[in-house]
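For this one, chain E is given, so just place chain C on it according to the hints.
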Amino acid sequence: MKTNILDLEGVAKQASPEVLLSLMRTMVLVRRFEEKIIEVYPMQDMKTPVHLYIGEEAIASGVCAHLKKDDYIFTTHRSHGHCLAKGTGPEMLYAEFYGRSTGCSKGKGGSMHPADPENGILGTTAIVGGGIPLAVGTALASKMKKDGKISVTFFGDGASEEGTFHESLNFASMKQLPVVFICENNSYATTSPISQRQPHDNIAIRAEGYGIPGIAVDGNDVLEVYKAAGEAVQRARDGQGPTLIECKTYRWKGHVGPDCDHEKGCRPIEDLNKWMERCPVEMFKNFLIKNRFISETEYANMLGEIDRELDRSIKAARQCALPDKEELLKDVFHEKK
Amino acid sequence: MPWTKVYTEKTDLKDTLAGEGLRALSYRDALKEAQTQLLRSDESVFLLGEGVDDTGGIFGSTLGLWKEFGKDRVMDLPIAENGMTGVAIGAAMAGMKPIFVHMRMDFLPMCMDQLINHAAKWNYMTGGKVNVPLVVRSIIGRGWGSAAQHSQALHGLFMHIPGLKIAMPSTPYDAKGLLMEAVNDGNPVMFIEHRWVYDYIGYVPEEPYTVPFGKGIIRRPGKDVTVVALSVMVYEAIKAAKTLEAEGIDIEVIDPRTLNPFDDALVIESVKKTGRLVIADVACKTGGVGAEIACRVAESAHEYLKAPVRRVNFPDTPTPCSPVLEEAYYPDAGSIVKAVKELIR
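In order, the protein sequences belong to chains E and C. All residue numbers for the first sequence refer to the working numbering, where the first residue is 4 and numbers rise by one. All residue numbers for the second sequence refer to the working numbering, where the first residue is 1157 and numbers rise by one.
Looking at chain C on its own, in the form it has when it is part of the complex:
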């Protein structure tokens, strides 16, 4: 299926897709197309965020949208993340569908009160009377010395909070489909992108479509080890699979696509088959998503495990600046290969 495929080189398969008569789009343009179609088809949708209408256009993902929809629907904001999150929540309660965009995920800690105390709890606290159809887009940065406050991934924090949905699309197809699903989900959705996948190309249908929440996907079937990979680590896992294949090790790569809801069944079925589990995340290790996934597997399929679980993560330190330290900080395909081999020995 072209829409399940992960192309590990940023651009090389554009021609392949064209050969099959399929349209290739970058992750960035897939996001932009989703927002364009949502803004066109639904008057209650609007974008807000610092710089959504500027010349950078959130790394290109909102570039020029204000020209078609005006600055009331593609709204620049004061630097007031928590208050403006409250404004977006209030608008959502009153029937709007705001998409609040943050260039860096590191700015979300500024919004924690409104996200955690308000958005996440509102439907429950009101006995289901008032819901909050809010999408919060945020981007995980990486590299070029972005350092400790411009390259955090905080999905693990949000996964701990009941009432927040979390989507982490890795492919252009999912970026569009999950965003279109998120805006009409009716709940607060943390929509988490990774700066390093913005240039990746993949098949994206032109017409609007949705990708359902809670349905993970097997990016590569295999029989020896299950590798659950998040966001950009899906690409590293596919690269690792190629290396391992040459050595006769066959890994199954699972992309959960959403963390809440999480597709437990897909992961557990896979582990029942392989008996081994590696979780490759884009964040620090302790208290993270990997621990949660490992525990769910231990609770449901412990007897199938033939080896300990391995996590591929960042070390438990803030992100450093120096290229040497950055290089040491970030795991890659090699880290996944190493983790897998530890389980096969």
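Only chain E is shown next, with the shape it has when bound in the complex:
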């Protein structure tokens, strides 16, 4: 089993103990948020297709730790982790998934379309590759307005096959825009393995063709993600243009829903077992305990606190009002004020 590549000295240089604990907290929040969904999903009243992020938590946590509240992110159909890591409250997400009018998109978007402009999430697309140019667009706006914000787009390995990926890298490089491209390569597009879709399993090197830095990192190692993202974010803030980071990871659950793919015969269970041994949450927890950043008791307390908050959130969300039927016809167009 691979352990964190960064030695303790290296870690100390890049992240304070507060940052380390904050990363841990975010990862646990993201993991437990989705495990609560798995618990309630069989009740069949959370009527939205859920694309679970379990196994990939280090990426959203490591990247968003560098972002300010008003920096923009664009996530995907697999949106929960990014929203939580960026600061969206669990209750408004759960309420959205329950189709409640208090949901972050007033119950009109569901799990695939969260919007939380206050935290820089201007909406979410579930079309593969669709969000990449949107982030380039917000970055273009930031550059034109000189507002100092940066934009981050998360997308999967499948999206790197879409034209928008290449169109976006080309344009962002040419205009030196403040945007960071985060490719979460979990090797599968729904159930199609990358070996059947791309000649090389090496997305990061595409950056070179567009004249921007590209780096591949262990997406299950939050510190490695944190370090690479820190450099990319700094480059964007300094006006030095975009970066592509490929985070190699693995999705534990199926493309959609709480089941695992091996149960349907889509993927070998051995692969899942291998990757579960490299659980990003466990690896980081062990690292923190081993190096005395946190004790077992403190970790248990943190977990308990997060669980209580999530239990409260999901319960509260479920009790929120459903939208009035008149809502159906509203919001097709923006009304001029």
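Think of the hints as simulated: they come from the structure by calculation, not from any bench. Some clues are possibly wrong.
Covered stretches of chain E, going by a simulated chain C footprint (3 or more residues, C-beta under 8 angstroms) [said to hold, decoys possible]:
#1 57-66
#2 105-111
#3 137-145
All values derive from a computational prediction rather than experimental measurement. For every residue, glycine included, the Cβ atom is placed at its ideal position computed from N, Cα and C.
Same frame as chain E, now just chain C:
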């Protein structure tokens, strides 16, 4: 009213307008003036598109604008229509007001994912939290063997999509007024021009003004047949009216100006008066705007119809190249006259 008038000859009324102390401008220059005034008055407005800063300047409609506003606000683009539409949408979400210009409407199918899946749905999908103030200008081509991929009109496709507004100005006055309205509408607007009206002259006030969406206009009042004409067909309908007038047939020509929102009331009121309806479009027939308009009339004013509805359209084929085939392909004033007479018999 000088601003409602349609001059069917491209240039002949310049002198007439001057005689009345009114300024005459071509459709092309009206578009350019609208963009100039928008760029001057609002820092969030910018133009982007392949060739917006080149020596052709989108058939003259953006010619030289980069000299005043720079190439960051009159921005040439890579040939990447879908991705660049996404970029424009992202910029719009973040508070900019992009005007994305396409020399040919035929390039819009390249952008369908971003237009239909993203721009059109964003306000709804986000529960009204984030809107997309994006204008997409595109031009319908015609003639000189432009053929199947350089002369399509696809407004019917877009009319099917909730969340997109559609403007189709026919006169210079409306070209400026509707564009100034579109940029500040706050929604994605498909702004559809026709290459053949670029040279037409009409009254255009110098100061900024807007033409509201959803308000059609009666270009010529009449009592016998209602002719709803889109874009360049407004001119053909006015020509047809003159021919028919000589034969004692009095048609009412309605220019809807925008397809979404559509001025149902104006058309229905007219049909209640005339009892007959012809729709003259600049596109193929099947599944088109004409079918939608006819159905709305049937739903609301069926009992007033004294005759079947007629559509004047292109045949359901791709556009051909040969001049002989082109001639046969495009309907004109004569086609409208023929359709009207079929209803009067």
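Hints versus structure:
no., hint, in the structure
1, 57-66, "violated (count 0)"
2, 105-111, "holds (count 6)"
3, 137-145, "holds (count 9)"
Violated hint for the displayed structure: number 1, the only one.
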